[in-house]
Amino acid sequence: MRENAPVCIVILPLAAALLSLCLGYVKKEAAGWAAIIGLGGAFLCSLQVFCQAVKTGEVSYYLGNWEPPYGIAFSIDPLSGLIAMMAALLALLSAIYALSFVKEEGWVRYAGFYALLSLLAAGLLGMTITGDVFNLYVFLEIASLAGYGLIGFGGGKSALASFRYLLIGTIGASFYLLGIGYLFAFTGTLNMADLSERMSPFFENTFMWLPMAMILIGFGIKMALFPMHGWQPDAYSYAHPGAAGLIAGVMAKIPAYAMLRFFFCILDPHVPSVQMAMNLAGIAAAAGIIFGSVMAIAQKDFRRMLAYSSVAQVGYIVVGFSIGNPLALTGAVLHIVGHGFMKSSLFMTAGAIRYRYGIVLYENFGQLYRRMPVTTAVLVLSGLSMIGVPPTAGFFSKWYLGLGAAEAGEWIYILLLLVSSLLNAVYFFRVFETIFMQQPSSFTQKEADDCSANKPGGKELPLTMLFSMGAAGLLVLVTGLCNQPMAQILLSSLPEVIHS
Amino acid sequence: MSEEVIISMRPFAAAGISLLGALVIICFGNRVAPNVRESWSVLAALGKGMLVFSMVPAVLSGKVYQATLFQVAEGIGLTLRTDPAGMVFACLASFLWILTTVYSIGYMRGHREKNQTGYYACFALCLCATIGISFAANLATFFVFFEMLTLATYPLVVHYRDGESRRAGRKYLAYTLISGQVMLFGILCIYALTGRGDFTPGGFLSGGTAPSWAMEGLFAAMILAGAVKAGIMPVHGWLPDAMVAPTPVSALLHAVAVVKAGGFCIIRMVGYVFGPALSARLAADTLLALLAAATILAASLIAMRQDHLKRRLAYSTIGQLSYVALGAALLAPVSMAGALFHIVAHGLLKITMFMCAGAVFVRTHKAYISQMRGVGRSMPLVMGLFAVASFGIAGMPFLPAFISKLEIGLGAYETGHPAYLAVLAASSLLSLAYFLPVVWTAFSLEKTGEIEREDKKDKTGEEEPAMQRGLFPGWDDTDWRLVLPPLLTVSAAVILGIWPNAGAGIFELAAMAAKEMGAVG
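So the protein lines, in turn, are chains A and B.
Taking the numbering used here, I'd label the letters of the first sequence as residues 1 to 500.
Taking the numbering used here, I'd label the letters of the second sequence as residues 1001 to 1521.
So here's chain A without its partners, still in its complex pose (with noise of 0.2 Å):
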């Protein structure tokens, strides 16, 4: 049992998917038991791949025994076990978290929710383990896909918003199927590790920057990496609630993981062209998180805010990508989780307020947290960590990426990070003086009134829902706290990544 862990992660969840649709017909609770277990069962997976690999290095795994380059290699060192590991318990976490927001729903929406979270978690574990640039694509679709359901779940304004991203995610997801099929061309293999040994000759090659262009156009879209954002926002706000931490916080993530895998381990980031790549990657970057950042200030919409607010942040992993020394791959690759961890929890606490009192805009949030004190402890601890306080997880980020960039002499990087933890500051303390100081609107006052009434529960709030966002907000925390083993992890590791 214990050698086909890694391929649990994956089959795990998928299983659960088609699991919770056929169980939920017979009894629909089933479905997200089925679920739920499914994707704990992924984490455990991963928890215990990730152990192995820091122990004796790189897990690999054959599907059906065939040896790669004929067959599909999963292959799983720290770094992706890290990852696939925060993205098992984030997809873990919004399936608890999602029970009591549909519970009231037919069986066909109950389970069907259900089976395209477990799919979603499928895709993105899958894309992270996978050792195979095609089989990449075929997990990016299978999370895109799901993705696209999920929001579309979300009813209202939702249809249009998955509409648009399934247009501009497609034409990503072609961008990226194109250059991998030049790869393909010039070395005819789609094994990672094969693809590594073979690409040295093809640098020179007058069209290597075709497929380069590509790739970084479709990881580009997938994780709204500025000025590819514009279906972002509108996503992320509409998404089902239940499924908005995930889709928010982990959904972009892993195709900037994705582009750290191509970028440092296939291709070569010595390579001048590879170099000039991430250049241009880090200027979108760079831009993006000055962008992201005022546009989350000109926000009403609390989701919306959050969802500026990625595109400035996922802006920070990309400089991190670009500057590219240890240090700073250490900062993005933490900035990985970190984020995922903390705009996960903001995303569960905005679908909180709005579970409880059906309010989005943070003007009406004043004196929230007399009424629901662990929501705003959450939303103010994740908060912090995203304007980069210490000692939660967005500092520490900001530190590794900090030394890396003044290790390469990039000191308008710096500078850029600190000119956004300080935009970051006034959008979050904007709403957390209306949490504390504001008084409460009439609206918020009648709509508590009537929602304590119907809606029972807890004190401020279903069980499952305080206990995963809870969870993900300590996350936040532990993330900081934690980060020099984390660290040490990957900086043991990545120098491998880098040069292999």
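Quick caveat, the hints were computed from the structure, so don't treat them as lab data.
Predicted model, so just to flag it, every value in this text is computed and none were measured.
Just so it is clear, CB atoms sit at the ideal spot from N, CA and C, and this is done for glycine as well.
Careful: at least some of the hints might be erroneous.
Straight-line alpha carbon distances no greater than 25 Å define the calculated DMTMM-like cross-link-like pairs of lysine to aspartate or glutamate that follow [stated by the list, open to error]:
1. K1171(B) / E363(A)
2. K55(A) / D1162(B)
3. K103(A) / E29(A)
4. K1114(B) / E460(A)
5. K28(A) / E104(A)
6. K1171(B) / E433(A)
7. K1515(B) / E1004(B)
8. K300(A) / D1162(B)
9. K157(A) / E105(A)
10. K1171(B) / D1307(B)
11. K1114(B) / E433(A)
12. K300(A) / E1164(B)
13. K1114(B) / E363(A)
14. K1063(B) / E1508(B)
For the chain B half of the interface with chain A, some residues (derived, Cβ under 7 Å), not all of them [unchecked claim]:
15. L1069
16. Q1071
17. A1073
18. E1074
19. V1144
20. R1161
21. E1164
22. L1177
23. Q1181
24. F1185
25. Y1191
26. A1192
Listing some non-contacts, in silico: residues in chain B with all C-beta distances to chain A over 10 Å [stated by the list, open to error]:
27. F1070
28. D1241
29. L1487
Following the hints, complete the assembly by docking chain B onto the known chain A.
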């Protein structure tokens, strides 16, 4: 280093006890009686005081306690280390927290304030951060606690949650967060350039680390955060506005935590990061001294024009904290010691004045000096303490600020800048000029004019029959919790003024710190 290192978690216990207190208060504070909740504050304060003072003897004998809790980032530990300079600040902070807690209880209840649970929790959090700042052994740890202090103070500034305090809070955040990020920039540069960030007596940066213009910039970046918190002009703007907070908070801001942390930050950066030898070659250091001198004079002049007592105290603080900056910027060992001692001296005296102002406000609801005619007649003890502290601030002998001013002046003379002596003398006179009228007004026998009458209209019935019944109509019947703390701070100040090594050997500690800073550089 020759000194003996004791590996001990005691510094962490000293910082952690109030963190624990804050957590307990925030989680359970609303479910228990106020007396129980406040007893946690008092217990945490007493515990912290005992922990800090128990470390003094060993530190005095040349040992340091040191411990690393965990690695805060790759290669950098969250390390606390009780060197003499940190000890001076920690002693002051932990001693004054005990008194401020007692005072807070009297003030907050006397005023029937809201949100007291959050208030006491943030208070405890501030003190945790302050102890962390004073014992931090490297730049990363220092920054962690520095930012923690910024954020823990914010809820206290906006305590009343009205428009005015929100504006003040925003201003406070804008000043401190921006300067904090600038400091982070500097810290990252230092780590990237040198690969180290442990505070070393005499500094660990050398002139060859970076081109000289970059070193100037770095120095400015590192000092800026301290200068903002210490309220050195022209970055002092947040401080007078932050006076909207309840008076114990102002006392905390201006005597214990924030401004002193700023002054301490400057000393740390000059003495332990850049070192006197390197700083002497930087033009930025001269600029700091000039700014400090200018602030001393300008703040005194502005203070004279303030009718709001707390604002006048705030400007006085701005001026006095620049003594610390000036002492550090002069770079002479004797002025460094003076700067450290001034942190304590000014802390004791200024907290007394704030406590007195708060007691007057609770009792009579008078915040403006022009309304305070005759207040001293009904509250002779409180205003008497205020008078003593005023003389202390002005630098009267037998009060501690005299010693620190003397030392800073000696430093100015030694380093060949006698002009600063004139600034010190002028400042002493000016501070008398703005504090004595307060005392004079409070003890004057004349009836107040219109303002008093308006007051009468507002308040029904409650009259102060002070004028009719002789000079001092009866003993001061202010709540003892409002009177005892300033009484104790004044007593401590008098003792330290006569015998600067009394109790914790503060003066000796300051001298030790100055010696180690000067010795290596």
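Okay, the hints, checked on the actual structure:
{"no.": "1", "hint": "K1171(B) / E363(A)", "in the structure": "21 Å, holds"}
{"no.": "2", "hint": "K55(A) / D1162(B)", "in the structure": "56 Å, violated"}
{"no.": "3", "hint": "K103(A) / E29(A)", "in the structure": "8 Å, holds"}
{"no.": "4", "hint": "K1114(B) / E460(A)", "in the structure": "23 Å, holds"}
{"no.": "5", "hint": "K28(A) / E104(A)", "in the structure": "10 Å, holds"}
{"no.": "6", "hint": "K1171(B) / E433(A)", "in the structure": "13 Å, holds"}
{"no.": "7", "hint": "K1515(B) / E1004(B)", "in the structure": "17 Å, holds"}
{"no.": "8", "hint": "K300(A) / D1162(B)", "in the structure": "22 Å, holds"}
{"no.": "9", "hint": "K157(A) / E105(A)", "in the structure": "19 Å, holds"}
{"no.": "10", "hint": "K1171(B) / D1307(B)", "in the structure": "22 Å, holds"}
{"no.": "11", "hint": "K1114(B) / E433(A)", "in the structure": "17 Å, holds"}
{"no.": "12", "hint": "K300(A) / E1164(B)", "in the structure": "23 Å, holds"}
{"no.": "13", "hint": "K1114(B) / E363(A)", "in the structure": "23 Å, holds"}
{"no.": "14", "hint": "K1063(B) / E1508(B)", "in the structure": "14 Å, holds"}
{"no.": "15", "hint": "L1069", "in the structure": "10 Å, violated"}
{"no.": "16", "hint": "Q1071", "in the structure": "4 Å, holds"}
{"no.": "17", "hint": "A1073", "in the structure": "6 Å, holds"}
{"no.": "18", "hint": "E1074", "in the structure": "4 Å, holds"}
{"no.": "19", "hint": "V1144", "in the structure": "4 Å, holds"}
{"no.": "20", "hint": "R1161", "in the structure": "4 Å, holds"}
{"no.": "21", "hint": "E1164", "in the structure": "12 Å, violated"}
{"no.": "22", "hint": "L1177", "in the structure": "5 Å, holds"}
{"no.": "23", "hint": "Q1181", "in the structure": "4 Å, holds"}
{"no.": "24", "hint": "F1185", "in the structure": "6 Å, holds"}
{"no.": "25", "hint": "Y1191", "in the structure": "6 Å, holds"}
{"no.": "26", "hint": "A1192", "in the structure": "3 Å, holds"}
{"no.": "27", "hint": "F1070", "in the structure": "7 Å, violated"}
{"no.": "28", "hint": "D1241", "in the structure": "16 Å, holds"}
{"no.": "29", "hint": "L1487", "in the structure": "36 Å, holds"}
The structure does not agree with the numbered hints 2, 15, 21 and 27 stated previously, though it agrees with the rest.
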